[in-house]
Structure formats: C-alpha cells, structure tokens
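J.: Protein chains in written order, with our numbering: chain A, 1370 to 1483; chain B, -17 to 98.
Please keep in mind that the hints were generated in silico from the structure rather than gathered at the bench.
Accuracy of the hints is not assured; some may be wrong.
Unchecked claim - Which stretches of chain A does chain B cover? Using the computed rule of at least three CB atoms under 8 Å from a CB of chain B, they are:
| id | stretch |
| --- | --- |
| 1 | 1412 to 1425 |
| 2 | 1463 to 1471 |
Claimed, not checked - Label pairs and their in silico Cβ distance ranges:
| id | chain 1 | residue 1 | chain 2 | residue 2 | range |
| --- | --- | --- | --- | --- | --- |
| 3 | B | E66 | A | S1423 | 40 to 48 Å |
| 4 | A | S1439 | B | P51 | 44 to 52 Å |
| 5 | A | H1451 | B | T96 | 26 to 34 Å |
We put the CB at the ideal spot given by N, CA and C, even for glycine.
One-letter residues, chain by chain:
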Amino acid sequence: AQSVTQLDSQVPVFEEAPVELRCNYSSSVSVYLFWYVQYPNQGLQLLLKYLSGSTLVKGINGFEAEFNKSQTSFHLRKPSVHISDTAEYFCAVSFTGGGNKLTFGTGTQLKVEL
Amino acid sequence: DTEVTQTPKHLVMGMTNKKSLKCEQHMGHRAMYWYKQKAKKPPELMFVYSYEKLSINESVPSRFSPECPNSSLLNLHLHALQPEDSALYLCASSRLTSGGITYEQYFGPGTRLTVT
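Please model the complete structure; the sequences and the hints are all you need to start from.
T.: Put into structure tokens, the structure is as follows:
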C-alpha cells in the first residue's frame, strides 16, 4: 500500500538553529513529492516540490529538501530557523496511477523558541 | 500568479440553513479540489473536478453538493449540515496530467465553517 509517514508530530528548536523535518513514503511506483506549510488559520502554501531531475530541491523561505529514492525519503531542512517559521508542515506525495490525489503525512508542528 | 481565492473567510450556519462556499483561480488549471480539514489534521479530499466534470467523490454525504460552473470557479453548496461538519474547507487547483499522477496543488486560504 502507498503511504506517507511523518514520524515527528512536534519538533521544538531554538531560533537560528538548523532543523530537519522527516518524511518517508512507501511506494512501488514513481512519485512526485511536495512539502507544504500551514500557518494558523490559513491555507496550505507550497514550500517546494520534486518532480524529476536534481534530487536536491530548493524552495521558498530558505528551505530545501533531498529526494532519496533508496531510502524512500524526502526530508525538509533549513540551516537557520526564525521565529516566523513556527507552523505546521505537511509532506505530500502523488503516486503514479493515483489519479488527481495527494496523500498527506500527518504533519509536523515546528515550534521555534527564543 | 499562484493565487486561489475563497469566500467567505468565515461562515456560521444553523443546521437548517443553506449556504455556499466559493472558490476561484485564474491560473488556467483544469483540476479543482475541495478538502475538509479538522484541527491538527491533514486535509481530507472531498471532491475533484477535471475539465469541469466531477471525477472523484470520496463518499461525501449528500448534504455537501459541489458545482463547477466554469474552468475558473468551484462552489460547494451546503444544506442541513451537522455540528461535526464544522471545519476549515479548503479549495485547491492544479494542472492536469495524462499519466495518472497529479502535479503540485495550490490552495486557497480556506473558509472556517461553524455549524450550530
């Protein structure tokens, strides 16, 4: 079965520290991979996407992610976080043959502290 | 421009009311989506429209009725809702592919619905 796992429900980090949010997926078919951010009482904003090509993908707000096919992972990283990065982060996967559906992970709450 | 707009931002309705949520995009996307999101949870897909035709209904109760009047507009008509239907309703749009896999979806800000 195809699935997406975000093992960390909450990640606390101090301002200016680096952070990694983990995302793993399970699939026997080709995938497209996405990270979204959701600030309180707002919609989801696309941070970055992997469709093909370079496995290191750069997104908005200084975030980047690396597609690792052998590990079936797509971890999100930022070298130095800011208070304004406090939000919910969702990993999402589109599977070949899955039609117009995104499968979302359960989300990771990033809390940046002073 | 990657903007999807939704109106209203907030909606409070009684269980006997009829109301509609509206969504609009001008990115030329031919796929549009309705999602329901509860607090601290990922969005749950409700409906998908492809080329203005309903292509996916995720077994949503009939008190939710979607409509796609044209390629830029998507409505969700609400009638006889239950308190458990209170949630954030998100609209999204995307390009379509022929390969059975979706590209990135762009989301609107959502409508916060409260059913009393």
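J.: So, for every hint listed, does it hold in this structure?
T.: Hint-by-hint comparison with the structure:
Note: the stretch 1412 to 1425 of chain A has 6 residues with beta-carbon separation from chain B under 8 Å; the three-residue rule is met and the coverage holds. Counting residues of the stretch 1463 to 1471 of chain A whose beta carbon lies closer than 8 Å to any beta carbon of chain B gives 9, which meets the minimum of three for the stated coverage. Against the hinted window of 40 to 48 Å, the Cβ-Cβ separation of E66 (chain B) and S1423 (chain A) comes to about 44 Å, which satisfies the hint. Taking the beta carbon of each, S1439 (chain A) and P51 (chain B) are about 47 Å apart, inside 44 to 52 Å as hinted.
Between H1451 (chain A) and T96 (chain B) the C-beta distance comes to about 33 Å, which sits within the given range of 26 to 34 Å.
In this structure, none of the earlier numbered hints is contradicted; all agree with it.
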